[in-house]
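One line per chain: the protein sequences are R and Y, in this order. According to our numbering, the first sequence is numbered sequentially starting from 8. According to our numbering, the second sequence is numbered sequentially starting from 350.
Careful, some of the hints might be misleading.
[Stated by the list, open to error] Here are the computed distance ranges between Cβ atoms for each label pair:
1. Y:495 to R:300: 41 to 49 Å
2. Y:374 to R:158: 14 to 22 Å
3. R:198 to Y:495: 38 to 46 Å
4. Y:386 to R:333: 47 to 55 Å
5. R:333 to Y:430: 35 to 43 Å
6. R:284 to Y:444: 54 to 62 Å
7. Y:495 to R:62: 36 to 44 Å
8. Y:375 to R:318: 48 to 56 Å
9. Y:451 to R:216: 46 to 54 Å
10. R:69 to Y:444: 21 to 29 Å
11. R:194 to Y:406: 40 to 48 Å
12. R:67 to Y:448: 37 to 45 Å
13. R:48 to Y:383: 45 to 53 Å
14. R:35 to Y:493: 38 to 46 Å
[Stated by the list, open to error] Quick list of in silico lysine to any residue cross-link-like pairs, SDA-like style, CA-CA up to 20 Å:
15. R:200 to Y:379
16. R:200 to Y:375
17. Y:439 to Y:489
18. R:216 to Y:439
19. R:192 to R:202
20. Y:378 to R:151
21. R:357 to R:223
22. R:308 to Y:464
23. R:308 to Y:416
24. Y:500 to R:180
25. R:277 to R:146
26. Y:359 to R:215
27. Y:352 to R:210
28. R:200 to Y:371
29. R:311 to R:335
30. R:357 to R:146
Hints are computed from structural coordinates only; laboratory data are not their basis. No residue lacks a Cβ here, since even glycine has one placed at the ideal position from N, Cα and C.
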Amino acid sequence: MNNYSNIPLQASNNGADEYILNMGPQHPSTHGVLRLVLKLEGETVKDIVPDLGYVHRGLEKLFENRAYGQIIPYLDRTDYLSAMNNEWAYVMAVEKLMAIEVPQRAEFMRVIFAELNRIMSHLLWYSAYGMDVGALTPLLYAFREREEIIDMVEAACGGRLTHNYYRIGGFRQDLPKGFFDMLKKFISHFNDKVDEYEALLINNVIFMKRAQGVGVLKKETAINYGVTGPNLRASGADIDLRKQDAYGVYGRLDFKACLRDNGDTWDRCKARMAEMRESLKILKQCMDMIPEGEVMAKVPKIIKPAAGEVYTRVEGPKGEVGVYIVSDGTEKPYRIKLRQPSFSNLSVIKEITIGHKIADLVAIMGSLDVIIPEIDR
Amino acid sequence: MIKYVSEIIKGIISLMQGLGVTLKHAFRKPITLQYPDVKADLPVRVRGRLVMPIDPEKNDNRCTACNLCVKACPNLSIRTEKVVEDGKAKPKAAKYNYNLATCMFCNLCVEACPFGAIIMSEEYELAVRDKSELMIDLVAEKYVLKGKKEKYFLTKYKEE
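I would like the entire structure built from these sequences, with the hints used as guidance.
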């Protein structure tokens with residue numbers, strides 16, 4: 008039982024009650040195929056090593072054999088809960104490389120879909136996290152609103168999860184007729200629904216006892232490990248790329264980064280709940296400000312950026328989504344590196360779980376909101 | 350002691366809040382559909398499997414086997430065979446092999462087509478019993494579109 012080839016973990020044989028336990032790859036609370044090798048003493052976690060690579064597809068290598076336009080659908084398959092944010096990071100990189108100016112209407116549409124995706128992702132996190140800690144009801148309620156968003160997105164781009172909607176230079180198609188009616192209806196009642204979610208799970212006393220003070224992530228640790236997104240903001244670091252970089256039209260919109268102080272599991276939950284409310288505010292403003300006009304810039308049929316390199320990043324629902332492109336002046340990229348938040352967010356798990364019970368590990372793991380295809384790519 | 354009692358009261362209140370939410374939902378109408386019997390009304394842009402419909406004007410498909418869709422496909426799901434009939438200027442597709450197994454429904458082939466010959470249909474129940482059935486010859490299939498999608502196809506992807 009000591010042969011875990013690539014996992015540097017061994018139970019000591021000097022009489023201590025230590026043993027090695029595999030959590031996953033087929034464990035419901037790892038949200039996919041991730042193996043956590045745990046060193047336990049009784050029920051206390053002594054050490055933890057995540058084993059990655061179960062859904063590795065070699066996307067970055069695959070990109071080297073694809074034309075620039077063909078890469079977009081693959082990006083939907085990294086973080087499939089917020090596909091538009093990944094697409095945005097990528098198309099922004101190519102646009103920067105080719106100096107393409109995106110029409111204003113498209114810029115606003117990009118914000119709308121990115122924020123809808125953010126809410127979608129947080130709703131799925133909320134429902135899955137409820138399941139992790141033993142509450143089934145939140146899943147059913149959150150999926151109802153998520154379905155509404157998916158219907159909206161489906162009307163616009165035809166896909167429910169794999170959207171493939173953003174294009175280099177703008178959008179494939181303009182918004183469909185009646186989209187804003189759907190959006191208005193959604194905005195009008197979603198705030199009440201967030202209140203419901205909080206009453207149902209987040210502010211429930213049983214849940215609070217379970218989550219408060221568990222898995223405290225200090226600000227310095229979070230920054231050292233490269234944790235981004237709501238996890239970082241829950242630890243009190245005021246870093247939100249929508250504010251710092253102000254890409255797209257975020258500079259013209261009024262919203263605030265949702266900060267918390269303690270950085271424990273409960274704060275991470277609260278941060279996400281607050282973020283959903285902020286996203287709703289952004290959507291409301293976008294709906295009033297969006298101009299009429301073209302959605303696609305003038306882009307050559309064959310996309311052939313000049314030789315050079317570029318890095319762009321957007322604030323995805325889980326953190327910083329970055330795309331680094333090296334172009335050698337041909338139709339295909341020389342190298343693409345994806346920087347996706349879940350990898351760094353997972354790496355911090357050892358730091359914050361050691362000393363907790365194994366049941367807390369499930370709660371902490373869920374609150375970090377990692378998604379496996381994004382880690383493995 | 351006071352702290353103990355107040356915590357109990359707080360706990361009861363928070364539990365009641367949660368129960369109130371579930372109680373409210375007991376009187377709401379269900380939003381689910383009884384799926385195999387009742388099917389959702391899909392938007393016109395929905396991306397099901399690829400089809401090459403018959404154009405009623407020509408009584409034939411619009412494909413000229415120009416291979417632009419083949420080049421646009423990211424994972425080589427399409428393969429065509431060209432044929433030039435006697436006395437006609439435009440070539441035609443003799444075979445249009447579409448591999449449903451590798452297709453990822455990205456719509457790039459439809460966007461690449463200059464003639465509007467192919468379209469993503471509304472079909473989404475795509476399970477088959479044998480793997481070989483996933484290789485479909487779209488020319489031989491002679492697909493006839495119905496409903497919303499037909500209008501969408503005839504106007505070359507214009508909505509209303």
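Now the hints, each set against the structure:
no.: 1; hint: Y:495 to R:300: 41 to 49 Å; result: violated (35 Å)
no.: 2; hint: Y:374 to R:158: 14 to 22 Å; result: holds (20 Å)
no.: 3; hint: R:198 to Y:495: 38 to 46 Å; result: holds (41 Å)
no.: 4; hint: Y:386 to R:333: 47 to 55 Å; result: holds (54 Å)
no.: 5; hint: R:333 to Y:430: 35 to 43 Å; result: holds (38 Å)
no.: 6; hint: R:284 to Y:444: 54 to 62 Å; result: holds (55 Å)
no.: 7; hint: Y:495 to R:62: 36 to 44 Å; result: holds (38 Å)
no.: 8; hint: Y:375 to R:318: 48 to 56 Å; result: holds (52 Å)
no.: 9; hint: Y:451 to R:216: 46 to 54 Å; result: holds (50 Å)
no.: 10; hint: R:69 to Y:444: 21 to 29 Å; result: holds (28 Å)
no.: 11; hint: R:194 to Y:406: 40 to 48 Å; result: holds (44 Å)
no.: 12; hint: R:67 to Y:448: 37 to 45 Å; result: violated (25 Å)
no.: 13; hint: R:48 to Y:383: 45 to 53 Å; result: holds (51 Å)
no.: 14; hint: R:35 to Y:493: 38 to 46 Å; result: holds (45 Å)
no.: 15; hint: R:200 to Y:379; result: holds (16 Å)
no.: 16; hint: R:200 to Y:375; result: holds (16 Å)
no.: 17; hint: Y:439 to Y:489; result: holds (19 Å)
no.: 18; hint: R:216 to Y:439; result: violated (74 Å)
no.: 19; hint: R:192 to R:202; result: holds (17 Å)
no.: 20; hint: Y:378 to R:151; result: holds (12 Å)
no.: 21; hint: R:357 to R:223; result: holds (12 Å)
no.: 22; hint: R:308 to Y:464; result: holds (16 Å)
no.: 23; hint: R:308 to Y:416; result: holds (16 Å)
no.: 24; hint: Y:500 to R:180; result: holds (17 Å)
no.: 25; hint: R:277 to R:146; result: holds (17 Å)
no.: 26; hint: Y:359 to R:215; result: holds (12 Å)
no.: 27; hint: Y:352 to R:210; result: holds (19 Å)
no.: 28; hint: R:200 to Y:371; result: holds (12 Å)
no.: 29; hint: R:311 to R:335; result: holds (9 Å)
no.: 30; hint: R:357 to R:146; result: violated (28 Å)
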